[in-house]
Structure formats: C-alpha cells, structure tokens
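Peer 1: Got chain U sorted already, so can you dock chain A onto it with the hints?
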Amino acid sequence: MSLAIATDGTTQRNWLEKLGAGHVILGVALVLYPLVASDFFLTQIGGYSLIFGMLGLSLMLLAGYGGMVSLAQITVAGISAYAIAILGNNNSNILGFGWPWWLAVPFAVLAAAVASALIGWISVRTEGIYTIMITLAIATATYYFAQQNYAIFNGHSGYAGIRAPAFWGIGWRDAKPFYYLCLGLAVLSYAAVLYGSRSTFGMTLQAIRDNPRRMRALGYHVTAHKVFAWLLSGVIAGLAGVLLVWFNGRVSPGTIGVDAAIDVLIIAVIGGLRHPIGPFLGALVVVLMQTFAIDIVGAERFNTLIGMVFLIIVFVSPDGILGLWGRIKPHLAQESLRPGP
Amino acid sequence: MSLLDRPSQTLSSGGITGRQAWGLVGLLAAAIVAWLVFAVWPDWLNAILISKKAFVSAILNGITLAGLYFLVASGFTLIFGLMRNVNLAHGSLYLLGAYIGYEVTNRTGYWLLGVAAGFAVLAVVGVVMQVFVFRRLEGDDLRQTLVSIGISIVAADLMLAVWAGGTYQITTPEWLDGALTLPVITAVRSNGASVFLTYPLYRVVVLAAAIVIGVVLWLMLHKTRVGMMIRAGVDDRAMLQASGVNVHAVFAIVFAVGAGLAGFAGVVGGSALSVAPGEDVRYLLASLVVVIVGGMGSITGAAIGALLIGLAEQIGLVYFPTYGIVLTFVIMVVTLAVRPQGIMGKAR
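Chains as they are written, first to last, in numbering that gives the first Met the number 0: chain U, 0 to 340; chain A, 0 to 347.
What the hints contain is simulated information worked out from the structure, not anything from laboratory work.
Think of the CB as a built atom: it goes at the ideal place given N, C-alpha and C, for glycine as much as any other residue.
Any given hint could be a false lead.
Said to hold, decoys possible - Computed Cβ-Cβ distance ranges for the label pairs, DEER-style: (1) Gln19/A / Met288/U: 56 to 62 Å; (2) Thr199/U / Gly165/A: 56 to 62 Å; (3) Val329/A / Gly127/U: 20 to 26 Å; (4) Gly165/A / Gly19/U: 40 to 46 Å.
Bound conformation, chain U alone (with noise of 0.2 Å):
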C-alpha cells in the first residue's frame, strides 16, 4: 500500500507537490528577510545562524542518518578556517600565501573533508557511543595543538585580518550580501543532505546505521560507506568554516574550542536530529538566546541558561523542537528518521 504511492507517485507530482509548501513558504520567508530586518539583525542572527546550522546540519548528516555523533564539526570547520586565513591574506604576519578567494575555498573545504574523513575513519574503528569520546578527544587535542603551535596556527593569538572577498562590485561581507552568501550555501547543503538522505547511498547509509552487520552480511562495504559520509560532512562543515572566518575576520583557538563543539552539538540537539531543518532551527533559538539573555540572565551567566535549557530538552524531549512538533503533527513521525541507537 503505502509502496505503491511511494512508487507512483514521484512521476506524476508537480514542483510545487516536489518541493513541499512549506519549503516554498520558508525560502520566500528568508529571501524577504532582509526587506524587514536591520544589519544587526541580518548578519549576527540571520547570518550567524545559517552559519552555525550549517554546522549543526553537518552533524546531523552524521547523527541522523549515521548514528555516529561527532563533536569534532568544530574542529573540521576550524581547520577550513584557519586554511583560509593560511593560503589567503591575513595581517599576522605569519604565512599567508596570498592566494585569491577562488583557489582559496576550494583548498580550504577539501581540507576539511579530508580532515572530517580522517576524524571518521579513526572514529569508525569503534562502535556506538566510542565515536563521541574519540571526537571529543580530537577536538580537544587539536584545540591545545592550535595553542601551543605557532609555525602553523600562530598560537594563542591565531590570525586576524581575514578578510571577504569583493568581486562583481560587491563587498561580500557587508551586511545583505553575505547574509544572501550565507542563505545561498545553507540552502545548498540543505537540498544536498535531503536530496542524499533519499539516494541510494542515504539509504544505504540508514540501513547500516540500524542494522551494520546484516549490511555487512549483504556485501555493503559498511567503513567505506561510514567514512564517505563523514567526508560529504566535512564539505558542509568546511563551507561553514569559510562563512565563520569571513564572518568574524579572524580565527583563533578559541573558535575551535571546547565550548564550540559542544555548542554545535548543543544546537543540533535542540533542534532536532530526525530532519535537517532541525540544525537551523536550534541554531536560530540559540543564536536568539545568545543574544538576548542578557535581558534574562545577564551576560555572564549565559552558558548556566543554555546548559539547563539543553538538559530540559534531553530529558523532555530527546527529538529536540522538532519532537516536540513532531507530537503535535503525528505525520512528522517517520520512523526511517529517527536518530540510530
């Protein structure tokens, strides 16, 4: 039964029955966004948060559909950026190739990809919850290594002075372009892991995520397939990394450390892992709460507010924002979405 509407009906739908209402509704949404919202609120939340759901959707990509949750996507983006900073200009006085942004990027993400297929294929030597120890220990391990190295990531103080590139006769860091840069690439790494989740690999994915020794039984290469997707989150990741240090002009330890990855983590929790709207959505709430808690906790006490607010959402509801939707629209439920054991 629900086989052959599945079957049927792919060739028969329209685009707009393709595509879905609501993602009409919501590109038409943000791309008017910027008619209503002031620069403040068109970079450091629309901006930012399409930034950090980018990261939080790379971790979904591996979570969701992977059953492997990773807190080195900071470290991965981190390494796009410091990449970026390293072959590009910066003002630190310490390397800095000067190559132009066009040759820069694509060197910068696939570094990270690299790195990200690295981190996956050490972390895949082990099963379930070992993934989260060996990424936290990379992450970690790689934030003291930027530290305490200054050949390569000019330590404590890392480069500044990064700047966007200007071409077409516009500067791509000033307020509406880059938030359209930003909205641009968040789209395509949304359509990318949607339209992946439903190919052969994705699916194929999701099957070893719920079942990795009858895949195995089956003859599916279950490691190449762990690690390729590792690697497709590690594109994300390191497109992320690029907007971050365009965004900030600069890119430190700090930017890799600890509280980062697990913010990433944070973010994609409490927006939901079963979809990959749900990275954006914890990444808007986040980024809203970052911003206004001063009004509710004070400044200094923001990391108490978001640590209780992420511990509600684990106890009450484990699928984040998007369960808590989820229970109040049954249809959302998919089973094939839920996050692996």
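Peer 2: Only chain A this time, still in chain U's reference frame:
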C-alpha cells in the same frame, strides 16, 4: 579465550606467543630506561637529549602526572565500563574537588582535611548524579552522555560564578614541602663529585598515593565480593542483574568511588599544580585518551594508558613544546588502528 578471539596471535610469531613477545619487548624497554636513568651519560647522548637532568626530570614529571591522570581516569573507566555511561562531567568533578579542597584547607588549615573533604563531597555528588539523573536514563547511553555534557556546562559556569576566573594554589603542609635527593647521578663535576638529582617530595608522595590507591582498587576489584560484581557487570550487565544482584547499589558504589577519586585527585593535583577554570577540560581529555588507549573498565589499562599519556605529555613538553600534543594524538590513533578496544580492553 584469547585463542578464540585472536587465532593469529599464536601462529604469527613462530615459537613464542604474542604475549611472550610483548613481554620481551617490555623487558628490553625497561632495561633501556633503567640504563638511561642510572648510568652517567656519555656526551653524545647529552647532546641529543639536551641534558640528563632535563630527560630524567621529564620522565619523573611524566610518571607523577600519570599518577594524577590514573586517579581521575580510573573512576571514569569504571563508570564507563560498568554502566556504559560516558560521564563527560568527569573533568568538572575533578575541578569541583579541587575548589572544595582549597576552601576547606584554607579555612581549617588542615590539608589532609581538605583532601578528605574533596573525596567525601564528590563521592556524595557522584551518588546523587547516578541516582537522580543517570538512573532515569538507564540503557540510553547517548542521552546519558548528552546529559553529562549539559551538567558539565552548567557546572563549569557555576564554578566560574563562585570562584571567578582566578588561579588558586592549595597550600601543602610543611611536612610535604622540600625536596628529595634521588640516587640518580645527573652529572659529574670536574673535581669528581657526583651531582645527584633532587625532586620535590610532594610529587613523590602523590605518585606513591596513586600507586597505593591503584593497588587498593585492584584488590577491591579482584578480592572482594563487590569487586567481583563490578567485574561481572563490566563483562555482562544483564547477566549480573539476572543473577539477583542489586545492580543499582553496585552502580551507586562505583559512581561514589569514581567521583570521589576524581575529587581526591582534584585536591592532590590542585596542590601540585594549580586550580583554574579550564583544568576540567584538560583532565577530561586525559581521561578520554586514557580510556581509549587503556580499554574500558580496566584498572590495569587505565594505569598503562595514564603512564603513556603522562610520559608523552611531559616528554613532548621538554623536547618539542610546540608539537607536544601530537604525541598524544599518535598514541591514540595507533591504538585505535591496531587494537580498537584498547590495550587491556576485551573484544566485544
């Protein structure tokens, strides 16, 4: 058992088993280390390794640091091994213990009282965490881990609120001050007199305490009834429960011991080094790597892991300060590549 798990072990090294081969390698390494420590070094060796004093100090610092790491990580590995609970708030337990030790020592003037308070308070905190938080999420290890992350964030922030960002030093009593002259000749003066190495007495005591506690833990695990239950639980929790043991009591005991040891290590470590925000992350990283390298739920594994990481950190600090952490990386990656379950971990 090892025959079934790893048939290649007995076949590969023709004549001697893998275990014997490793034993030989270990003996050889021990002999080399012993020579390095006790012999008067020829000049070429001094040239390579900066000086004998620097080298031996690095080794000693590494071993004492390993003692601290062992104290923190043994609790972490037992909790993880038994309850499958990756308690990422373990570093916070260390730091809280250190702060409590500081307060108690400062107010009463008795350092030993501070140490005792660090252990006792954290043991209670551990039981509370297990009974009121983790027990509710039993069997869902991902959520337990997420909750422990939440706790660590809140705890770090609240500790920052109470003790601010400053660095504290717990004052040790006078009988622990001073230095010990070790029977290790670092150099020979031109007049033929030997220069012996001196080392802070306190650090030697820390190491001794860690070894004593390690032995006590091992005896508790291998010679007592509770220890038997814990080991059985690490191997097969469901079976332990099925045989009529009150596993929740066992869990509470392990959490009390694990958290208490972290608190104890906090006070002891806070006296040797210093207490400051961020130390929690450092000891959490150490615990993670020690468990990954040593294997979960194994006290012996924790000791080996702690020794490797402590030595790697201190040797790295002396010989390649800007790449020191890479050694830790390498140890972790090599272990995962060769033996994913850890050196003393059992294949699952």
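Peer 1: Determine for every hint whether it applies to the structure shown.
Peer 2: Evaluation of the provided hints:
1. Gln19/A / Met288/U: 56 to 62 Å: holds (60 Å)
2. Thr199/U / Gly165/A: 56 to 62 Å: holds (57 Å)
3. Val329/A / Gly127/U: 20 to 26 Å: holds (24 Å)
4. Gly165/A / Gly19/U: 40 to 46 Å: violated (54 Å)
Checked against the numbered hints given earlier, this structure breaks only hint 4.
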